[in-house]
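Build the full structure now, drawing on both the sequences and the hints.
So the chains spell out like this:
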Amino acid sequence: MYRYIVNRVLLVIPTLIGAAALVFVLMRLIPGDICVVRLGSGGGNIDPRAVAACHAELGLDRPLILQFLDFIWGFFRLDFGISMWSGKPVAEEIAARLPISLEIAVLATVVAILIAIPLGTISALKQNSWIDHVVRTTAIAGIATPSFWLGIIAILVVLDLSHALFGAPWMPPIDYVPFWQDPLRNLSMAILPALTVGYRYAAVTMRMTRSAMLEVLREDYIRTARAKGLVERLIINRHALKNALLPVITLIGIEFAFLIGGLVVTEQVFNLNGVGRLFVLAVQNQDYTLTQALVMLTVAIFVFANLAVDLLYAWLDPRIRFG
Amino acid sequence: MIRKSGLAAAALGAALCAATVASAMSSDSPKHGGTLTYMIPADAPPSLDGHRETTYATVHAAAPFYSVLIRANPDNPSSPTDFVCDLCTEMPTPTDDGKTYTFQIRQGVKFHDGSPLTAADVAASWQEIIHPRDGVSSARESYFIMVDKVEAPDATTVVFRLKFATSAFLPSLADPFAWIYKKEILDKDPHWFEKNIMGSGPFKFAGYEIGQSIKGVRNPDYYHQGQPYLDGFVGIFAAKQAVRVDAIRADRAAMEFRGLPPSARDELVKELGDKISVQTSDWNCGNLVTPNHLRKPFDDVRVRRALALAIDSWHGAPALAKIATVHTVGGIVFPGSPLAASKEELQQLAGFWPDIGKSREEARRLLKEANAEGLKFELMNRNVDQPYKYVGTWLIDEWSKIGLKVTQRVLPTGPFFDALRHGTFDVTVDFNCEGVVNPLMDIGKFLPHSVFAENYGGYDDQKEVNLYQAILHETDFARQRAMIREFEKYVLDTQAHMLMTPWWNRIVPYRSYVKGWKISPSHYVNQDLGNVWLDQ
Amino acid sequence: MVDLAPACAPTAVDDTGESPRSRTGIIDFCRRQPLGTVGLMLVMVMAAAGLAADWIAPYSPTENDFAVMMEPPSWAHLMGTDAFGRDLFSRIVFGARTALIVGFSCAIIGGIAGLVLGVASAYFGGRIDLILQRVLDVVMAFPLIIMALAVIAIFGSGVYNVIVAITIPLIPRCARVVRSSALAIREVPYIDAARACGFGHTRIIIYHMVPNVLAPFLIMLTAFVGQAILAEASLSYLGLGVQEPTAAWGLMLQGGAEEYASTAPWIAVFPGLAIALTVFGFSLFGDALRDAIDPKLRDR
Chain Y
534 MYRYIVNRVL
544 LVIPTLIGAA
554 ALVFVLMRLI
564 PGDICVVRLG
574 SGGGNIDPRA
584 VAACHAELGL
594 DRPLILQFLD
604 FIWGFFRLDF
614 GISMWSGKPV
624 AEEIAARLPI
634 SLEIAVLATV
644 VAILIAIPLG
654 TISALKQNSW
664 IDHVVRTTAI
674 AGIATPSFWL
684 GIIAILVVLD
694 LSHALFGAPW
704 MPPIDYVPFW
714 QDPLRNLSMA
724 ILPALTVGYR
734 YAAVTMRMTR
744 SAMLEVLRED
754 YIRTARAKGL
764 VERLIINRHA
774 LKNALLPVIT
784 LIGIEFAFLI
794 GGLVVTEQVF
804 NLNGVGRLFV
814 LAVQNQDYTL
824 TQALVMLTVA
834 IFVFANLAVD
844 LLYAWLDPRI
854 RFG
Chain C
60 MIRKSGLAAA
70 ALGAALCAAT
80 VASAMSSDSP
90 KHGGTLTYMI
100 PADAPPSLDG
110 HRETTYATVH
120 AAAPFYSVLI
130 RANPDNPSSP
140 TDFVCDLCTE
150 MPTPTDDGKT
160 YTFQIRQGVK
170 FHDGSPLTAA
180 DVAASWQEII
190 HPRDGVSSAR
200 ESYFIMVDKV
210 EAPDATTVVF
220 RLKFATSAFL
230 PSLADPFAWI
240 YKKEILDKDP
250 HWFEKNIMGS
260 GPFKFAGYEI
270 GQSIKGVRNP
280 DYYHQGQPYL
290 DGFVGIFAAK
300 QAVRVDAIRA
310 DRAAMEFRGL
320 PPSARDELVK
330 ELGDKISVQT
340 SDWNCGNLVT
350 PNHLRKPFDD
360 VRVRRALALA
370 IDSWHGAPAL
380 AKIATVHTVG
390 GIVFPGSPLA
400 ASKEELQQLA
410 GFWPDIGKSR
420 EEARRLLKEA
430 NAEGLKFELM
440 NRNVDQPYKY
450 VGTWLIDEWS
460 KIGLKVTQRV
470 LPTGPFFDAL
480 RHGTFDVTVD
490 FNCEGVVNPL
500 MDIGKFLPHS
510 VFAENYGGYD
520 DQKEVNLYQA
530 ILHETDFARQ
540 RAMIREFEKY
550 VLDTQAHMLM
560 TPWWNRIVPY
570 RSYVKGWKIS
580 PSHYVNQDLG
590 NVWLDQ
Chain V
590 MVDLAPACAP
600 TAVDDTGESP
610 RSRTGIIDFC
620 RRQPLGTVGL
630 MLVMVMAAAG
640 LAADWIAPYS
650 PTENDFAVMM
660 EPPSWAHLMG
670 TDAFGRDLFS
680 RIVFGARTAL
690 IVGFSCAIIG
700 GIAGLVLGVA
710 SAYFGGRIDL
720 ILQRVLDVVM
730 AFPLIIMALA
740 VIAIFGSGVY
750 NVIVAITIPL
760 IPRCARVVRS
770 SALAIREVPY
780 IDAARACGFG
790 HTRIIIYHMV
800 PNVLAPFLIM
810 LTAFVGQAIL
820 AEASLSYLGL
830 GVQEPTAAWG
840 LMLQGGAEEY
850 ASTAPWIAVF
860 PGLAIALTVF
870 GFSLFGDALR
880 DAIDPKLRDR
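Residue numbers (this note's numbering), protein chains in the order written: chain Y, 534 to 856; chain C, 60 to 595; chain V, 590 to 889.
Derived from the structure by calculation, the hints contain no laboratory data.
C-beta: ideal position from N, C-alpha, C; glycine also.
If the Cβ cut is set under 8 Å, some of the chain Y residues that face chain C in the computed set are: (1) Ile-563; (2) Asp-566; (3) Val-569; (4) Ala-586; (5) Ser-619; (6) Lys-621; (7) Ala-629; (8) Arg-630; (9) Trp-703; (10) Ile-707; (11) Asp-708; (12) Asn-804; (13) Gln-817; (14) Gln-819.
Structural data, given as structure tokens:
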């Protein structure tokens, strides 16, 4: 068991370094120069001396290998450097934006779990009934609709409805206040994006729950329990659900890691000052340090989520645990 | 014949400029109090240093904290000639054959930390703008090539000595980015202002949340009596247009100061009726088309002229004006300026002929002559919706009418600039966006790269440069205007170095309770919010 | 010498010993999987529209007509016109072509690449498996947006580059699924027997392993087409997708959603519907396919 854990953990390292190398190379392949963009995007004159000074300031005039080593070494020391665009520490830039993204992600997960697991279970139990068809159709609709489209429609619907019902159009606040400062305002900002993201999340989870439950329900031990005369509800809760939930939890874990990708678009739609929006900005501004840090953050979340899931499986699989 | 008279020029300017200003504004008396919430249509600016940056995000965020020497009249900012004092006491008449300008600085002005502002601060700030030290970048150096020295002989006098007399100086001096910094801080650390704020303007700095919002509160010691009327302001960064429009609709914010497209205006007017007001103005910005002279067949003037002749601006502009932020057909000079071409003068130039049928026939003939019929090429464009991509789509359709097969290559800002600077394009959508209307400086964009760094056409043309130098040094208005017509014809028609597309149109819908703010041709100008008040 | 030939003869079998094709005829499928049939119909309608666009579309999809800008749906223009006066119905129909080209290209290229990598990874095992898995992990963890931005910025926008940008993240996902299926098969006796027969690696992979992972693979493909179409829409929303004046649903959605959602809703509604229905169709069909093929999920 310990050998397995150690092996798994060690495998994380080459993945992280690989991701670091990939983002480093990709960013530098993009034509363009952050100094030029910074000094010239308004359309005025760009002084070549100013550009050179900017390069020196940002360390862009050093050889590439030195820049890469600096980046890797800094990452291990948890020193992520300074954002090339704003000059502020990367950690500060990210920390300012993490709360809202995390809040949306967590809320979306809660929404997904609350909706998906019960619905998925019912759908499995009543396979091919009209309930099953309705639930499956709704789920697939959730996956098929572009999320930004959903978000825009949601805002418009709320605006129109509130205008019709209360005479004045209402829109969620566009500036963030932390939860403890003003819980109502904070939640009113987070609820629409959380629902938009959560719908898709719930759809995926519901489908997985349904298929996992279907598989479990055909297992012999369920048939035995039924033959023994156990109450159906007990069978579901005590036997079926527990076993079905394992792949579902796996999926939730992995999808959570993918959420950052989904947040990118959602945060644009709802004007949330979150990590996803920062991501797009960093890449468009060709802010190497910020992009590199953000990619490493995303990759790390993904990798550790996978690791946690693998370890969970290892723990539960007696062949690995005791072998 | 237009006489060189300030009054006539101002009147003509105001009339030509399609500004619709709410007339009620000037007659109400301002109320004190309230906080103005507005949106800044950008993600956070790279820095808050007005000397260094050229983006409106910096101005919209930090202009309320600072003072400038002179500025466009906040009550009449659409006039290209009405400049008034901010920190000075009165507008000086130039002496020494127009080469020396002496400004008297107000007494009793204080920075927000209580220290007094003197001529030394003004001179030091201007020195950084005009002749920055090593390691300090000033985005505006090239606008002040005519300035030899700026000095502060005593605590209340600032003197600018020019190398030659030119009418381009005052408009340059009214640059809305030319904030007056504290000399003490500049001496210690000129980079301090990138992340910090210390000004003497109508509002004091009250907080900046990265990527989110910037806040200011009223400066009780402001030297313009009675101002500012507002208690404070909140500027919220919101890059996506739909968000801004919805926010105005739901009154999460009162307005934004850049400009929204016609569809947004229509939506807001439809939803809010008279709770919304709209101000419109020609914008001192325009898209141009720059063929790459270093790539065949665009080195052939006949092909370039054909490109120009194919475009039907007279019919295209009104249609585009319904969906994009463009409006007025004009030449190289801002349409509201006395130096701009009249419609009759324009119609002599390629691309402005009144009969589009004849124009396109001529275009086809030129293409045939140059052996470039059915030419296929790529139009490079910037990844911005309004109006870049709309103009691009329109141009492609126009060129298809003379048999050209054009595809569009859209790049984000960084790679776009890179491709421009390295000349890796066939034809590109270009832009010329200036601040205060200053035609003599603004037309510099058309000069070859050897003279003007921001020209990407890849050509050289000494005749053009000579024409321009003559214009710059000419002091007689009528003669200057005639020379500009000559320059315009040479650039747009004879050589077709670059092509014009309709000038941008600034549409600012805002909640009707906001008063005092007046639109101008530049979204950089008149942003210190000192004269804005809320009728609530 | 014992003739081992019959045992070594390649056959495509799955682990229940029956060929999938003989189990479910088309009519049977329609009866058992009504939702899947609906999905299939939707897909076929879209495909037909895309293929026959030149004949179905009443107007040119790219020619501007400033006389009829932003007209609501009418008999002359079934779905109305957009900001440039272009007929929306024609653009939707041509857009089907773009969507399906993007969708199928990404799915097929990504799928085949993933199939090869996944099966090879499972088959060879050991160090090759380890390295390949790490590389695929990195690509999978890498946010699609960065990849797409980088690809577009380096190579420019346009249909081909969009396809490249979207295909790359699909490959590791496919490889992973294929690999886990292939791993199960690798240990089955007939693979060993084939190796004992002296068959080369390629032959074993193509004739023995691939057919057995085909079921989950095909289901993945249907999902990929839908995902690719959605990804193109997202990239277009960020301005990185196909560019004007090409007719593409994501592009139309972006323009319409941003500016005209209130004043001319048809500009955004129809492309959004088109995307949703197509992806919907592919998902329904894929689901039904899985239900039909996977014996464990069939009705009792």
